[in-house]
Every structure is written in structure tokens, then in C-alpha cells.
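Undergrad: Sequence:
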Amino acid sequence: MSSSSAFNDEKGGSSSVGEPEYGHDPASGGIFSSDYKRHDDLKEMLDSNKDSLKLEAMKRIVAMIARGKNASDLFPAVVKNVACKNIEVKKLVYVYLVRYAEEQQDLALLSISTFQRGLKDPNQLIRASALRVLSSIRVTIIVPIMMLAIKEAASDMSPYVRKTAAHAIPKLYSLDPEQKDQLIEVIEKLLADKTTLVAGSVVMAFEEVCPERIDLIHKNYRKLCNLLIDVEEWGQVVIINMLTRYARTQFLNPNINESLLEEGGGGEKTFYGSDEDEDEDDEEKEKEKKVEAAAMAKRKPYVMDPDHRLLLRNTKPLLQSRNAAVVMAVAQLYFHLAPKAEVGVIAKALVRLLRSHSEVQYVVLQNVATMTIKRRGMFEPYLKSFYIRSTDPTQIKILKLEVLTNLANETNISTILREFQTYIKSMDKDFVAATIQAIGRCATNIGEVRDTCLNGLVQLLSNRDELVVAESVVVIKKLLQMQPEKHSDIIKHMAKLTDNIQVPMARASILWLIGEYCEHVPKIAPDVLRKMAKSFTNEEDIVKLQILNLAAKLYLTNSKQTKLLTQYVLNLAKYDQNYDIRDRARFIRQLIVPTEKSGALSKYAKKLFLALKPAPVLESPFKDRDHFQLGSLSHLLNAKAGGYQELPDWPETAPDPSVRNVEVKESVPEWTKCSSREKRKEKKVEKPFYSDSEGESGPTESADSESDSASGSESGSGSEGSGTGSESEESEEASVSEEEDEEEEKKTKKRESKKPVQESESEQSSEEEDRKRERKSKQRKSESESESDEEEDSESDSSQSESEDSESEAEIKKKKKAAESKPPSKPVKKDTKKEKKEMSLLDLDDFEPTPSPQVTPVNNLLSNSLVTDLEGLSLSDAVLSPATIAPSSALKSYELLHRITGEGLSVEYCFSRQPFSPDANMVAVQMHFTNNSTSDTKNLHMEDVKLQSGMRVKDFPEIELLPAGEKATAVMGIDFCDSTQAANFQLCTHTRKFFVSIQPPVGELMRPVFLTENEFKKEQGQLMGMNEIAEKLTLDAKCRNEHAIVQRVTTAANLSRVPCGSDKECRFAGRTVTSGSLVLVTVASREEGAAQLMVNCEKMLIGTMLVKDILLALTQ
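So the sequence shown is numbered by my numbering: it starts at 1 and just counts up by one.
No wet-lab data here; the hints were simulated from the structure.
Model, not experiment: these values are computed from the prediction.
Careful: at least some of the hints might be erroneous.
As the list claims (entries may be wrong) - Straight-line C-alpha distance at most 25 Å; calculated PhoX-like pairs for lysine-lysine:
no.: 1; residue 1: K69; residue 2: K120
no.: 2; residue 1: K348; residue 2: K946
no.: 3; residue 1: K560; residue 2: K492
no.: 4; residue 1: K606; residue 2: K640
no.: 5; residue 1: K374; residue 2: K348
no.: 6; residue 1: K120; residue 2: K189
no.: 7; residue 1: K348; residue 2: K316
no.: 8; residue 1: K1064; residue 2: K993
no.: 9; residue 1: K640; residue 2: K623
no.: 10; residue 1: K384; residue 2: K429
no.: 11; residue 1: K938; residue 2: K993
no.: 12; residue 1: K180; residue 2: K194
no.: 13; residue 1: K492; residue 2: K606
no.: 14; residue 1: K85; residue 2: K120
no.: 15; residue 1: K171; residue 2: K151
no.: 16; residue 1: K603; residue 2: K560
no.: 17; residue 1: K563; residue 2: K603
no.: 18; residue 1: K374; residue 2: K623
no.: 19; residue 1: K560; residue 2: K534
no.: 20; residue 1: K613; residue 2: K603
no.: 21; residue 1: K43; residue 2: K69
no.: 22; residue 1: K563; residue 2: K574
no.: 23; residue 1: K425; residue 2: K374
no.: 24; residue 1: K531; residue 2: K574
no.: 25; residue 1: K574; residue 2: K606
no.: 26; residue 1: K563; residue 2: K606
no.: 27; residue 1: K967; residue 2: K938
no.: 28; residue 1: K120; residue 2: K91
no.: 29; residue 1: K607; residue 2: K478
no.: 30; residue 1: K1038; residue 2: K938
no.: 31; residue 1: K151; residue 2: K180
no.: 32; residue 1: K80; residue 2: K120
no.: 33; residue 1: K425; residue 2: K496
no.: 34; residue 1: K574; residue 2: K623
no.: 35; residue 1: K613; residue 2: K623
Working from the sequences, and respecting the hints, build out all of it.
TA: See below:
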């Protein structure tokens, strides 16, 4: 049946007027009728005078095209209707012409005047369609007409037509590349367009025609960042990829100071560097000083460009896009551009994509595999998302294996190995082979589990499946190369397998192992050679080569037993069909059996064959892929694809940021979205909404930090030029803290900046004025009790009276100035709140979560208001200060910041071993600040905390003033997640920032726990095998009595003594702070200072490290 009748059947069998029906009876020949008859009726309909018939015909023709049928022979009939008055018909004619204009160029050229008229049509859809058809006619003659049409369309009132003009630019460029200069002018004009419809298309044209002209992007950069959220999805992908390359050329590497952190105070090295060569001339010394000064200048704390932050902030919401390509584009942007601490946000979004189709999963996993090599930490919390399902296709399974192997570390390796054990039972042989290789890689990377993995792989050698055995042999061979002397039993066991294993690669690996380590198995090796000589002629080439190697090595080490065997094997190889084997046999004979003719090489035969060979490095195949831009086709193929543009390297020095400045127009541009919060701020602060340098990125910039200069961004410059004196935080934190201005008394988790404090002051004080008058008597009572300064009271009174007329903006301005000149205006806000909480002030238990004697950062326990209330009630500083935790003399102090590096500020820290009240899973770290300089240090606080996955930090309360020569103490809490990885952060004063890091000894990651002797023995019995580590040692001469042993063990680790019946044994117990895993230590002393140390711990890695530390303590 013809397609036209089928179309009628779909419509209910009714044929439209004027259409000849075909017979439905097969005998009528409808099935065999040729196509031209069906097209004849369509041609008749197109030639009729009725628009309804033309419309029906065009609908059918477009439906044919949609189903993949060829309708090119209708071109002459359709093209006549270009001039049709009916807009619906005209639209469909243009749809048809776009499809076939390239094939029927001559006929299309005849109607070119009609298309030109269409460019002037009042209907925007017709104008756009005419331009689309015109650009689809690929004939060089009409290039000038196309060029003119594109220029006109670029100035069109309709954004849809301008978008079509942008689409036409690459078509014209591919037709005639000489038009590039004129097209760049059009692109420049379209880039200045403010509508979201055009943005994606013009950036695509920019990427196709002139991707190297980044100067065109400067002025439009902020606009593109702000428009991004509203552009259509494919436009977002193109813009994000372009902005990634742009940012790599215009901003500094945000991780530039990572190396400084790793060095651990690189500043000191450069400071002392000039004292090395004292004998040199003065001139050379001066030169050195200049070089070092330059190096110091380079190493100044990194300050992120506000435009860089703008890009990161505006792309972040797109991680929630429904389009996988958009999420992938944002992920690669963050990976290539964001500071290390912020890259983690992409992990959750990428894991979400793993629920998508297998094709999407494949691409995402390729990128995740690359990311996990450099940034392993960010995917560790989502380890279970990469577990393999039985329904996954093989290529997905292998990629997930790759990710799991990359994520393996000391803490999760046991979980991953258990998972791998299950995978080995799979029916998918390729997958099983990949799993065994993954086990091998884990064993190579993590020394602690190497023996466990080897034992597991040896057990696999008895597997029924030959492929499993073969792959295991290959992996064992690589692992044995690391410590062959320990594993002669395994080599013997593998020698026995030569009778059963038939896979050539596995047989070759066994023979290589026996040959390489023949000295470890002197009795078995000759016998293996005897068996192999029997089957030599039937072996594969790869096995034959290894038999020759084995024969040569045995001849050199054990010639008595193997001389005849070797000659026999060499004779067999001499006449082999494969020339490689024949050549190898000749070469070996000349080397090991010296004759008169053989040269000097035979002397070095042993060195050649028995040289020590380095163990192979098992590396991820994704190791060096990150030099391709993530998410690109080149990255997927691991080869440069056509049209791929390299990701530029970061510049050494930041290019001039002022090139992105745009003159601010008075009217708010149409792409900005002014939120009510910002409007409120605008009313309060008489200041232009956009700051001078911010140009079109105004709303986003001013929301987070209202600095006058572009450098005063929220990336951590702590700018005071804005008149707010606010310490800037991460952009997310800052924006959240602004939204919470009205509910400060409920939530004081974040360190509030001073400006919101003052704003809330003015709002609250006027509301509370009436209440204060009613409660005057109570207030007087509390004032008489307080021993606080009169100055503070007078300040609070004055600021209260000022805030009575808080509606007028002028008075707010005055108040802001007053607040700037005298910081102690903070108590004002707190004083007003005192009225609300007057009744419960004396009952501190309501506010303290635990009755612990230790006072931790006040922010955590009490709201800011309550702290000041307490100050008002004359509680001395000593009560509130964390200094009440007196460190015992045994506690070891560590240097956090040297006074030279810290420009007079020195900081030491110790692990106080006290429970940290706000969070029991955190280790309390006591910090001692000393101001050795002659000037005061202000606003001591933490910023830019960089942590490994799972770790958390509770900041110490900000120290507002540390006078010259004075000392101060503060307590912070760190959840190290039961690992000894460092917590890195910036220690900030009002002028400087210092990179510092706190790394805990393993003994500080635990807390003491009391057990009876029976409980200890019971728990110890459950932690045997791999959870038990025993070491023999000789005790230090001063450490031979029980008291000395106890003192040294408890100094090395925060454990408690367990009662013990024997005087020769000391027992200790504790639990890890984060997970609560049990740690049991036993020191059994023997005669003449000999002793045995035994540690039982659920976490093998912690146990291993603890043994080292205690051994050191007891033997030194």
C-alpha cells in the first residue's frame, strides 16, 4: 500500500477533496503502483488555487520527510509556492526548502528574488526562514547576497531573526573563508546582544569562525555570565566551554598556593635563603635578595579576581540542570577553574548522572575516572554509587572498576576488596579479568594490603575457570617482583600449575617468574625446564621465547643439571618455524656457550640475563588524560579530534582586569534580576547599585561584597574600602548570611560580618524601645550588678537613642560612621537582646548543651547576644575564655606559625585531650597566640578552610584585638575522620593572611575508655588475625619500670590504663574519636629489657601507625 493511503488511514480513512483514491484491494495493483502517481496527486494539490489543498499537500510532504522518505522530485512544485500569501503554507514551504535547497541548487537559485523579498516580510518567522533557506544554498555566486542578508538580520528587531543570523554565519564561513573579517564584525555586534535567545548561537558562531579572538569576549564577559542561567541548554554548553578557555587565559591559577601549603611554610625558607653564602660579594647578595623579594612577592596570598568568582557562582546552579551535557560542562569548568576546596560540589551532580542511560553513564564515568586520579577526595563519600550492578554493560563495569581502584585508600580498601571478591564470581570474563587487574593495582598502591591481595590471588589459582587463573598468574607475577624473596612458596605453587594452565600468557608469566627467581627455587626450576622441553614444539611462540630465557638463566646459575637440557632446547629452537625464535636461539647460544668465534659479550652473559629488573608500575590508563579538556570528544577518545582547541595554560601574571569594565547605563539591563534583598540594601545604603568597575555584573557582585574596586572581591581580600569593614567569606557563605540578617538571634552558626550586625541593630532597636521603658527597673538592677566599663554603657545608650528615628537614611549613614569609628558598638545589639532573655540569664544550663567544665568556642555554645549579656553580668573574661582548659605539662606543643613568617604573630597549638563539647566527634585543639610585634593585631580569625573528604572544622571565636606583647588562647574543634591528613586553612588578621595546617599524630585521634580486665580480654579475642599487630622491641634503659612504660605510652597516645593482674604487663584502651573503633594496646616486658608490643584495632591502618609511634616512644 502506498504511503499516501497509509496517511489517509491514520486520519480515519477520509480522503480530502481533489485527491484520487487508490484501491484497497491488492488486485487493483495499489501495492505495485510506482511513486510518480502518488506524487502526481500532491503536485495537483500544490498547483490548485485553494490554500487549504496546498496546506494539506505541504503537511503530507513534511510528514514524508520526517519519516525519512525522499521528496526531492517535488522541489519544482513546492518552490513555486514560496510567494504564497498564506503564512502557514509559506512556513512549511520554507521548512521543505531548507531540507532540499542544497541538493537542488539550480532550482533554488531561480527563486532567490523571492527569498530576498521574504527577508523584508513583516512576520519574523518568515524572515528567519528566508535567511535559513538562503544560507542553505551552497553556491559561491550568492555569497555577497548572503553577506548582506546576514548583516541586515543582525540588526533585526526580532531576537529570533538575530539568532538565525548567528546560525547562518558558520555556513557562510565554510562556503567562503575570505569573508572572515566581515563576519567577525557581525559576531562582535551580535555578542553585544542582551537577549538570551541570541547568546548561545552567537557564541557558537564565534567558536566556529574566530575562537582565537578573545578580545571580543572581554566587554561581554560579565553579561554572558549573568545571562547563562536563562540561555537554552545547548547554548549553555557552548558558552560554558568557551568561558572555560577564556578564564584560563585571563585569571590566575586559584590553586597556585597549594605547593606552598605542601611545603609547610615555604616563606621561612625564602627568608633564610639569603644567608647561605656569606663569602660572596655584596653585589651578588643584593641580586639574590632582589630575586628572593620577587619570589616572596609572587607568593603573596592568592586573591581571586571578582570576575573569576562571578563565573563560578553563576555556573554552580546549572549543576541541577536536567540536561546531562550542561551538568558535564559545568563539572569540567569547576575541575579546570575552581579552587581545590570548591571542586567538591560537582561530585554529587555527576553521581546523579549515573542514574541516566548507559551512553551518558559511559561518558560521565570516563570523566570521573580522570578526576579521581587528581581529586580523589571529592568522590570518596559516593563510593557506593560506583558499585557494579549485574545489569551494567561490560564497558560500564570496567569504568566503574577503574573509579573504585582510583578511590581505594587505606581506610576503604577492605570494603573495596570485599566488593572485588564478589565480582570475580561474575560470568562476564572480560570483567573478571579487569577485576583481577584492579586487585593487583590496589596491592601495588597500598602496601598494607599487598600480602592480603597476594594470598587472595593465589587462592584464585585453584579456580576452575582457566581465564581467571591465567589473569591471576599475570598479576601475581607483577606483585612478586616487588618482594620475591618473601614469596618463594608462591613461586613453587605456581610452578606446579604449568601442567594445567593452557593460556599462553599465563604459562609465559610462570616461566618468566621461575627463570627470574631460579635461585629461590633451585630444585624445582630444572624440573620445570625438563617438562617444557618435552612440550616445546607444541607451545605458542610467546611461551617458547620464555622457555629459551629459562634455559639460558638456568645454564648460567646451575649448569651441572641443565647443560644438556639447554642444548636440547636450543637445538629445537634452531629449526623452529618462527624466525624470532630461531634468532633468539642463535643469540643465546653465542652468549652462554662461548666458542672461539664468540665476542667479548659472552663475558657479560650473567649481567645481561640476571640483571635486577625494576618492578612494573601499575598505572591507571586515565593518568595523563586531563591535558584534554574534560567532557570533550578528544578526552573520550584519548586522541586529538578534529576541531579540538587546546585548553590554555594559566598565565604567570594576571592580565589587566579593567578590559572587562563596561560603562554603566542608568537603566537596569534587561538580564539582571534585582531581588528584594538587594532592593532593601539599596534603600539602606545610598550607593549606586553597580559599583564602577563591576559594569554589567553589578547585581551579583554587589550582593556579596560592595567594594568600590574590582579587586575588593569576596574571595578573601577583606576590603575595608567599602566602608563596611566586613571580613569577606566564601561567596556561598556570604550570600546565606545576608539572607539570614533578620533571624540572627536564632542562628549564629556563621561568623557574621559587621555590616549585617549594624543593619539588624537599627531594625531591632526601634521595635524594642517601648519594651525598654517598661522594663527600666529591671535594667537598672542588672546595671548595678554589672562591673563592666561605663564607656560601654554610655555607648549603648547613645546608639539606642540614635536608632529611634531609624527610618531616615541620613541617620543610618551617621550611625554607620559611628560604628566604623568605634568597633565596640557590637554590645548595642546584644544589649537590646538582653531584655528578651533577662529572666533566664542566671540559669546557664538552658543554654549549655553539656555540663562539661571545659569552655569551648563561645559561638558554639551560646548565642552572641548571650555572650555579651554574660559580660554585662560581670562574669570575668576568664570564665568565658577557652583558656580555662589548662594544658598539662605532658602535652606537646607544635608550631603553627613562626613569628618571622607571621610578621610578629606566633601561634602554637596542642591537642588538649579534653572532650570538645559542641561535637563529641571532634578533637579539641588549643591554640596559643602571641603578639611579638610593636603594633596591635586585630580580627584574628580563620578563612578558606581546605579539608579532605569527610573532615570538618569548628572555627575558634574571632579574637578582635591582641595588643602588642600580649598572649591569647582559643579552642577549635577538628573532625579528622580517623585519618592523619592535615587540615589546611588561612589564619587571617586585619591586614594579612597566612597559610597554615594542623596535622595530628595518630595517638591524638583517640579518646580514653575504661575497661575491666575481663572486658579487655574479651574484646582482644574478637580483634585477632588481621586486626592484631605484634612487634618485639628492646626497651630504653630509662624505660624498664612499669611507671615509665605507662607514662611513655600515654604521652604517645590518648589512652587509659586497664587494670592487670600481672606486673609484667601493661594494658591500655581507647576508642577513635570519629568512628568509635576500639584500640587495645598491650606491652609485655620480658628479661633484660626485651618486650613485646601488641596492638589490636578494628582499623588496620590506625593500628599500624600507632605501633610505629609507641615503638618510637619506648625505645628512644
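Undergrad: Regarding the pair K374 and K623, is the alpha-carbon distance no greater than 25 Å?
TA: holds (9 Å)
Undergrad: Would the pair K606 and K640 pass a check requiring their Cα atoms to be no farther apart than 25 Å?
TA: violated (45 Å)
Undergrad: Quickly compare the C-alpha distance for K531 and K574 to 25 Å and report which way the hint goes.
TA: holds (19 Å)
Undergrad: Next pair to validate is K120 with K189; report whether the Cα-Cα distance is within 25 Å.
TA: holds (21 Å)
Undergrad: Checking one constraint from the list: CA of K348 to CA of K316, max 25 Å. Satisfied?
TA: holds (12 Å)
Undergrad: Quick one, are K180 and K194 close enough, alpha carbons at most 25 Å?
TA: The given pair, whose Cα atoms are some 24 Å apart, holds under the 25 Å limit.
Undergrad: For the pair supplied as a hint, K43 and K69, confirm whether the alpha-carbon distance does not exceed 25 Å.
TA: holds (16 Å)
Undergrad: Would the hint linking K171 and K151 be met if the CA-CA limit is 25 Å?
TA: holds (14 Å)
Undergrad: Does K623 lie within 25 Å of K613 when you go C-alpha to C-alpha?
TA: Satisfied, since the Cα-Cα distance of roughly 23 Å is no more than 25 Å.
Undergrad: Verify the proposed pairing of K80 with K120, using a straight-line Cα cut of 25 Å.
TA: holds (19 Å)
Undergrad: Run the distance test for K938 versus K993: straight-line Cα separation, threshold 25 Å.
TA: The hint holds at about 12 Å.
Undergrad: Checking one constraint from the list: CA of K613 to CA of K603, max 25 Å. Satisfied?
TA: holds (20 Å)
Consistency note: the structure conflicts with the earlier hints numbered 1, 4, 8, 23, 30 and 34.
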